[in-house]
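S.K.: Take a look at the letters that make up each chain.
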Amino acid sequence: MRLEYFQLIDRVVGLDLKGGKIQVEATVPTTSTIFEGHFPGHPLMPGVLLMEAMAQTSGWLIIGITQFTRMPFLAAFKEAKLRTFVTPGQTLALAAEMVHEGSGYAMTKAEIRVEGNLVCNSEITFKVVPFPSPEFRASMEKVAAAIDFPMKTLANG
Amino acid sequence: MSSTFDTVVNIIAETCDIPRETIKPESHAINDLGIDSLDFLDVAFAIDKTFGIKMPIEQWTQEVNEGRATTEQYFVLENLCARIDELVAAKKA
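The listed protein sequences correspond, in order, to chains A and B.
Residue numbering for the first sequence is 0 to 156, as defined by numbering that gives the first Met the number 0.
Residue numbering for the second sequence is 0 to 92, as defined by numbering that gives the first Met the number 0.
If you're looking for bench data, these hints aren't it; they were derived computationally from the structure.
All residues carry an ideal CB built from backbone N, CA and C; glycine is no exception.
Hints should not be assumed to be uniformly reliable.
Take a look, some chain A residues computed to stay more than 12 Å from chain B by CB distance [what the hints assert, rightly or not]:
1. Leu14
2. Thr26
3. Arg69
4. Glu96
5. His99
6. Val127
In silico BS3-like links for lysine-lysine, alpha-carbon gap of 25 Å or less [said to hold, decoys possible]:
7. A:Lys126 <-> B:Lys53
8. A:Lys108 <-> B:Lys23
9. B:Lys91 <-> A:Lys77
10. A:Lys151 <-> A:Lys141
11. A:Lys20 <-> B:Lys53
12. B:Lys53 <-> B:Lys23
13. A:Lys17 <-> B:Lys91
14. B:Lys53 <-> A:Lys108
15. A:Lys77 <-> A:Lys151
16. B:Lys90 <-> A:Lys77
17. A:Lys17 <-> B:Lys23
18. A:Lys126 <-> B:Lys48
19. A:Lys20 <-> B:Lys23
20. A:Lys17 <-> B:Lys53
From chain A, some residues computed to sit far from chain B (all C-beta separations above 12 Å) [stated by the list, open to error]:
21. Gly19
22. Phe67
23. Val98
24. Tyr104
25. Met106
26. Phe125
27. Met139
28. Ile146
29. Met150
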């Protein structure tokens with residue numbers, strides 16, 4: 000994770016396009032300027048960043064299902080629950096599944112676990128649109144390579 | 000009115016917190032009922048799930064943006080219900 004750059008996913012560890020499921024991993028950094036303010040002497044991973052991490056996990060699932068032709072943009076969280084604290088150095092197991100792939104939108108369910116224990120979960124709504132520009136798509140392809148997104152899976156369906 | 004209309008009224012009323020009595024067949028979902036794009040996603044989700052269809056919202060939006068259709072054709076409720084019935088029939092065919 001590079002919190003300051005909103006890079007909240009380290010690697011994709013599982014992608015099932017037919018089943019509409021994805022698993023990713025991420026480790027909370029031990030140091031970050033964010034922890035200087037959140038909170039002084041008591042560093043905690045901000046809940047909003049946990050929610051963003053769930054959105055990014057879902058987003059990669061949607062990008063996979065749409066064969067890298069569309070970009071999901073976060074629209075809504077429903078029933079988001081932050082169940083316990085997440086601290087620097089902890090490794091997160093994130094998972095998302097497609098609830099409904101609509102026309103121009105998608106709904107997912109996502110969760111984060113630490114050592115098997117559920118720490119947060121939510122239903123998430125996205126607007127799903129064509130990539131705004133070839134450059135935007137190219138930048139996402141770079142991120143995909145950096146997080147081991149299995150591009151070969153797209154060709155295999 | 001048709002059962003499709005009654006179902007859509009229930010969905011809109013519950014999803015958007017709009018009184019049922021204000022929702023008429025001639026109501027425009029956006030202009031008259033004030034349903035914004037985010038709330039409409041919830042309405043679309045509920046309609047898709049309830050009727051087992053996938054409303055082609057992207058196609059409709061494109062047609063409107065290109066001037067090949069009006070918003071009334073898709074977002075006045077009696078017309079929306081007709082589109083839903085067509086999609087349901089096409090799925091069964």
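S.K.: Kindly indicate which numbered hints from before are broken by the structure, ordering the numbers from low to high.
M.R.: 3, 5, 6, 8, 9, 15, 16, 17, 19, 23, 24, 25 and 26
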